[in-house]
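Enquirer: Could you build all of it, start to finish, from the sequences and the hints given here?
These protein sequence lines are chains F and G, in that order. Numbering of the first sequence is given in my numbering, commencing with residue 8 and proceeding in unit increments. Numbering of the second sequence is given in my numbering, commencing with residue 8 and proceeding in unit increments.
To be clear, the hints were calculated from the coordinates, so they are not data collected in a lab. What you are looking at is a predicted structure, and each value in this text was computed from that prediction instead of being measured. It cannot be assumed that every hint is accurate.
Because identical chains share one entry, a pair is satisfied inside a single copy or across any pair of copies.
Said to hold, decoys possible - No more than 30 Å apart at the CA atoms, straight line, and that leaves these computed lysine-lysine pairs for DSS-like:
#1 Lys198 / Lys11
#2 Lys61 / Lys194
#3 Lys187 / Lys227
#4 Lys207 / Lys37
#5 Lys207 / Lys187
#6 Lys194 / Lys11
#7 Lys207 / Lys35
#8 Lys11 / Lys187
#9 Lys37 / Lys194
#10 Lys221 / Lys143
#11 Lys35 / Lys187
#12 Lys221 / Lys61
Protein chains: 2
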Amino acid sequence: MAYKIIDIKESVYEDNDQDAALLRAELKDKGVYLLNIMSSPGSGKTTTLVATLKRLCGEMSIAVMEADIDSDVDAATVEAAGAKAIQLHTGGMCHLDADMTRQGIRALGTEGVDLAVLENIGNLVCPAEFDTGAAKNCVILSVPEGDDKPLKYPLMFTVADVLLVNKIDVMPYFDFDLDKLTERARKLNPKVEIIPVSAKTGEGIDQWCDWLRKEVRAWKE
Amino acid sequence: MAYKIIDIKESVYEDNDQDAALLRAELKDKGVYLLNIMSSPGSGKTTTLVATLKRLCGEMSIAVMEADIDSDVDAATVEAAGAKAIQLHTGGMCHLDADMTRQGIRALGTEGVDLAVLENIGNLVCPAEFDTGAAKNCVILSVPEGDDKPLKYPLMFTVADVLLVNKIDVMPYFDFDLDKLTERARKLNPKVEIIPVSAKTGEGIDQWCDWLRKEVRAWKE
Numbered sequence: 008m009a010y011k012i013i014d015i016k017e018s019v020y021e022d023n024d025q026d027a028a029l030l031r032a033e034l035k036d037k038g039v040y041l042l043n044i045m046s047s048p049g050s051g052k053t054t055t056l057v058a059t060l061k062r063l064c065g066e067m068s069i070a071v072m073e074a075d076i077d078s079d080v081d082a083a084t085v086e087a088a089g090a091k092a093i094q095l096h097t098g099g100m101c102h103l104d105a106d107m108t109r110q111g112i113r114a115l116g117t118e119g120v121d122l123a124v125l126e127n128i129g130n131l132v133c134p135a136e137f138d139t140g141a142a143k144n145c146v147i148l149s150v151p152e153g154d155d156k157p158l159k160y161p162l163m164f165t166v167a168d169v170l171l172v173n174k175i176d177v178m179p180y181f182d183f184d185l186d187k188l189t190e191r192a193r194k195l196n197p198k199v200e201i202i203p204v205s206a207k208t209g210e211g212i213d214q215w216c217d218w219l220r221k222e223v224r225a226w227k228e
Numbered sequence: 008m009a010y011k012i013i014d015i016k017e018s019v020y021e022d023n024d025q026d027a028a029l030l031r032a033e034l035k036d037k038g039v040y041l042l043n044i045m046s047s048p049g050s051g052k053t054t055t056l057v058a059t060l061k062r063l064c065g066e067m068s069i070a071v072m073e074a075d076i077d078s079d080v081d082a083a084t085v086e087a088a089g090a091k092a093i094q095l096h097t098g099g100m101c102h103l104d105a106d107m108t109r110q111g112i113r114a115l116g117t118e119g120v121d122l123a124v125l126e127n128i129g130n131l132v133c134p135a136e137f138d139t140g141a142a143k144n145c146v147i148l149s150v151p152e153g154d155d156k157p158l159k160y161p162l163m164f165t166v167a168d169v170l171l172v173n174k175i176d177v178m179p180y181f182d183f184d185l186d187k188l189t190e191r192a193r194k195l196n197p198k199v200e201i202i203p204v205s206a207k208t209g210e211g212i213d214q215w216c217d218w219l220r221k222e223v224r225a226w227k228e
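Expert: Here is the structure:
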């Protein structure tokens, strides 16, 4: 086990938005693009991340923070896929804010890193309320969860910059209408980029990686 | 639209456990069995509940509280299935505690009710931390979420009295090992009752309803 496990502490800052803006500016100065990945438990955050690492690790330096309540299943998986990884233990807390993210960034070390990824706690509610300081928010919704989720968890879909609709390989076995989902998500958030993918079969992952490549490149300009 | 929508307020009680014990005793006195259903978003709480109502509404009086951040999709669905229903809006809060549940119970009215159901916020983290005053906790995990969830959200599986493993109709399309799930859940919680179901096809729902019937009967003795 090469990765570190970090117990992060609750933030002492009162103004998280201000703190997040500061962290974002610090990362911009260093040329580190931070992506915050959020979803329900079981939507496929780790599997999607592993598929992404397999395509991008050869062309840029990637470091991953796996936030989890108390397991370390994901850091091991991500490290096996070739990225530098640390595990953040939130001690029962249901989200990460900017200061908690900064604690992770410091422990991770971002010297020479092009892309840092925060895999947030699996939760469609609380993480949406806290700006982590990331350049962009990626939300993953999987087909089995249903196309009505933007109606029920509106804030999460409002703060998303890119929405990956995962597990499209099982679309035939579920009542899931991609057009309805798109309409519901765009009603909350007209600019959101929506990319259907299957982390399992690889479908759509190239398109997603193209989006991410462009983002990382633009961030460094 | 016959159902009420209630905006619940944050609890003022410091000791939620004590308050929950009090609410449980009050409900016991009235012969009202309160079931707290928790799961991730999209695990099938509402669909399972509707399948349950269809079987049990003819033999007992059932009332349902649908907690949601701000939609009212579920109360309408549940009412159409024949139960008395109210919608609880938590105003962004990610869980319900005992006092919030009591506000719902009061608005619902439990005169003559045998079974009251609280459909908690879709979230595998925060709701597990708050005793709602329910007689029992039902946790739903669906097959597409994966058999590793007890490792990652241990508290939820620790507080479960009954675990419904939903969407077993799609088992062939996912890498999901029911034996592994059972072992992981029982390691945290040796007494948990585990019932595989498909709310869609009806498989296992009779066994689940039998469990619930026995519970409601025993509560009134």
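Enquirer: All the hints need checking, so say for each whether the structure fits it.
Expert: Consistency of the hints with the structure:
no. : hint            : in the structure
1   : Lys198 / Lys11  : neither (37 Å within a copy, 34 Å between copies)
2   : Lys61 / Lys194  : neither (34 Å within a copy, 34 Å between copies)
3   : Lys187 / Lys227 : neither (36 Å within a copy, 45 Å between copies)
4   : Lys207 / Lys37  : neither (34 Å within a copy, 51 Å between copies)
5   : Lys207 / Lys187 : both (24 Å within a copy, 21 Å between copies)
6   : Lys194 / Lys11  : between (41 Å within a copy, 26 Å between copies)
7   : Lys207 / Lys35  : neither (33 Å within a copy, 48 Å between copies)
8   : Lys11 / Lys187  : between (42 Å within a copy, 27 Å between copies)
9   : Lys37 / Lys194  : neither (35 Å within a copy, 45 Å between copies)
10  : Lys221 / Lys143 : within (12 Å within a copy, 50 Å between copies)
11  : Lys35 / Lys187  : neither (36 Å within a copy, 44 Å between copies)
12  : Lys221 / Lys61  : within (17 Å within a copy, 52 Å between copies)
Taken one by one, the earlier hints fail for this structure at numbers 1, 2, 3, 4, 7, 9, 11, listed in ascending order.
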